[in-house]
Amino acid sequence: MDLFDIILEPLSYDFMVRAIVTTALAAVVCAVLSCWLVLIGWSLMGDAVSHAVLPGVVLAYIVGAPFALGALVFALIAVTLIGVVRNTSRVKEDAAIGIVFSSLFALGLVLISVTPSQTDLNHIIFGNLLGVSIPDLIQVLVLGVVAFAILILKRRDLTLYAFDPTHAHAIGLSPRRLGALLLGLLALTSVVALQTVGVVLVVAMLIIPGATAYLLTDRFSRMLVIAPVISSVCSIAGIYLSYYLDTASGAMVVLTQGAVFAAVYLFSPRQGLIGTRLAKARRRKAVALAV
Amino acid sequence: MSTPAILVENVTVHYGEVLALDAASLSLDTARICGLIGMNGSGKSTLFKAIMGMIKPDAGRVLINGAPPAKARREGGIGYVPQSEDVDWQFPLSVRDVVMMGRYGHQGFTRRPSKADRAAVDLALDRVELSEFANRQIGQLSGGQKKRAFVARGIAQGATMMLLDEPFAGVDKRSEATITRLLRELASDGCTILISTHDLHALPQLCDEAVLLMRKVLMHGPPEVVLQPEHLAMAFGLDVLNRDLPVRDVPAPDAVQDVVRNEPLRNEPAQDRS
Numbered sequence: 001m002d003l004f005d006i007i008l009e010p011l012s013y014d015f016m017v018r019a020i021v022t023t024a025l026a027a028v029v030c031a032v033l034s035c036w037l038v039l040i041g042w043s044l045m046g047d048a049v050s051h052a053v054l055p056g057v058v059l060a061y062i063v064g065a066p067f068a069l070g071a072l073v074f075a076l077i078a079v080t081l082i083g084v085v086r087n088t089s090r091v092k093e094d095a096a097i098g099i100v101f102s103s104l105f106a107l108g109l110v111l112i113s114v115t116p117s118q119t120d121l122n123h124i125i126f127g128n129l130l131g132v133s134i135p136d137l138i139q140v141l142v143l144g145v146v147a148f149a150i151l152i153l154k155r156r157d158l159t160l161y162a163f164d165p166t167h168a169h170a171i172g173l174s175p176r177r178l179g180a181l182l183l184g185l186l187a188l189t190s191v192v193a194l195q196t197v198g199v200v201l202v203v204a205m206l207i208i209p210g211a212t213a214y215l216l217t218d219r220f221s222r223m224l225v226i227a228p229v230i231s232s233v234c235s236i237a238g239i240y241l242s243y244y245l246d247t248a249s250g251a252m253v254v255l256t257q258g259a260v261f262a263a264v265y266l267f268s269p270r271q272g273l274i275g276t277r278l279a280k281a282r283r284r285k286a287v288a289l290a291v
Numbered sequence: 001m002s003t004p005a006i007l008v009e010n011v012t013v014h015y016g017e018v019l020a021l022d023a024a025s026l027s028l029d030t031a032r033i034c035g036l037i038g039m040n041g042s043g044k045s046t047l048f049k050a051i052m053g054m055i056k057p058d059a060g061r062v063l064i065n066g067a068p069p070a071k072a073r074r075e076g077g078i079g080y081v082p083q084s085e086d087v088d089w090q091f092p093l094s095v096r097d098v099v100m101m102g103r104y105g106h107q108g109f110t111r112r113p114s115k116a117d118r119a120a121v122d123l124a125l126d127r128v129e130l131s132e133f134a135n136r137q138i139g140q141l142s143g144g145q146k147k148r149a150f151v152a153r154g155i156a157q158g159a160t161m162m163l164l165d166e167p168f169a170g171v172d173k174r175s176e177a178t179i180t181r182l183l184r185e186l187a188s189d190g191c192t193i194l195i196s197t198h199d200l201h202a203l204p205q206l207c208d209e210a211v212l213l214m215r216k217v218l219m220h221g222p223p224e225v226v227l228q229p230e231h232l233a234m235a236f237g238l239d240v241l242n243r244d245l246p247v248r249d250v251p252a253p254d255a256v257q258d259v260v261r262n263e264p265l266r267n268e269p270a271q272d273r274s
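Line by line, the protein sequences are chains W and E. Take 1 as the starting number for the first sequence in the working numbering and just add one per residue. Take 1 as the starting number for the second sequence in the working numbering and just add one per residue.
Mixed in with the good hints there might be a few duds.
[Stated by the list, open to error] Computed list of lysine-lysine pairs in DSS-like fashion (alpha-carbon distance at most 30 Å, straight line):
| # | chain 1 | residue 1 | chain 2 | residue 2 |
| --- | --- | --- | --- | --- |
| 1 | W | Lys154 | E | Lys216 |
| 2 | W | Lys154 | E | Lys56 |
| 3 | W | Lys92 | E | Lys56 |
| 4 | E | Lys71 | E | Lys115 |
| 5 | E | Lys71 | E | Lys56 |
| 6 | E | Lys216 | E | Lys71 |
| 7 | E | Lys216 | E | Lys56 |
| 8 | W | Lys154 | E | Lys173 |
Derived from the structure by calculation, the hints contain no laboratory data.
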């Protein structure tokens, strides 16, 4: 079996094609969003929102509403509750986040346990990449494209918000509205990624690509290219690996992203632990040769 | 009489139980440079935020050129140079990117830079003498260059008013002189400048007037008058007394001066060092 066959064989199954398309799409949207999340320091917030949407998704399933709507509502509830607990008690933000998201996540689990047809909903928790149906794919496509378009069109405002919200305010923009926009997009993107890796692992897709790209460049505009490229390549590679190794697909996708992050962390010529030393040694050698 | 560029009238601000500003009043005319002196917690940053309209005062009002701050913000009139510690210097933006952010108010929905925007950015970079560093990541500048980059952002923005929060912290003497010259040039072009600073030595060369702040405006006048030891003692001395000296004696004027010069905000037992 040559490389060609290795790549083509899984594609002969429709479910594999759907899995790959869905994952690549979710990977791109999540990766773009992750660039802002890691720079603002909202990784924990990403974790919180992606977990807290679970009851919203379950309730939406029960009443037959779109998942995204339920997710948005609960993302909003989560963020509001976190803010209230932080601002009106002596509890610090990280604790507030932990309390709110784990409680809402638990509420989601309870709702799942009392809802008939549990199989579908359990997939939300761990993802069901290989069981993506055509309607699922369409939903991911629509939400993904909307989130992606808004992120890219408003990228300069969002970057300003991340870098210097005071200046944003001083020139007549509203940092609060920009923050709310970013949180809304976080909720939307969480729904997109739920399909692929599930609630538990969404946070990986929302943090790892941005963090990896951040170690590779000093330009935000380049991060916005590097992160989605790395993320989609990793995701597709992860699916292939899971196909041939017969492992859990969503988890394999995250594991691949984690492995690439580790490699970059060690070998990045700019920031990597070993990479910076290698680059220094090479420069020294070049200088020595020149002399 | 002309409208003051900045008018702060009896502004009171609370953070929860803490009183940050207590009926502070200040009037600053166009094209003047005003130094804001006071200890940490004296309300300098709060006053800036009130002027920019970032916090709503519990009482009193702020007018920029006779209108509410929101109007000045929309017109791009307010330039802001943040304190170093408020900036993420690892942020992956180039100097040019940061200066370009001054143009966002002039741009459309996606903030796509036009030719005019690029020209304004180049001009601003040239003016603060950072053209050759335009493509450096923002954290790879020296302390003084970093400040100039943010001043350039205000210039590119076309700000008629600049607020600088501690622009001389972590800046060497030469850069300080460069920044002082630059600010004087801007003021002579008609820009109104308000600077919070700990650097009392530089004040007379830099500022036309000085304000002594301790939750309220204790004094507002020419720098050499405000800097007189007995006046500084009003803002700095009492606190030093309460925390460090067991005897409730007013220290000799030159002792106060000394304490002030040795970074009054650290709260070390300064009298042991002299």
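Do the hints match the structure? See the list:
1. W:Lys154 to E:Lys216: 41 Å, violated
2. W:Lys154 to E:Lys56: Holds, at roughly 28 Å.
3. W:Lys92 to E:Lys56: 25 Å, holds
4. E:Lys71 to E:Lys115: Since the Cα atoms of E:Lys71 and E:Lys115 sit roughly 26 Å apart, the hinted pair holds (cutoff 30 Å).
5. E:Lys71 to E:Lys56: OK: E:Lys71 and E:Lys56 at ~15 Å, within 30 Å.
6. E:Lys216 to E:Lys71: 26 Å, holds
7. E:Lys216 to E:Lys56: 17 Å, holds
8. W:Lys154 to E:Lys173: Status violated; Cα separation ~40 Å.
Violated hints for the displayed structure, listed by number in ascending order: 1, 8.
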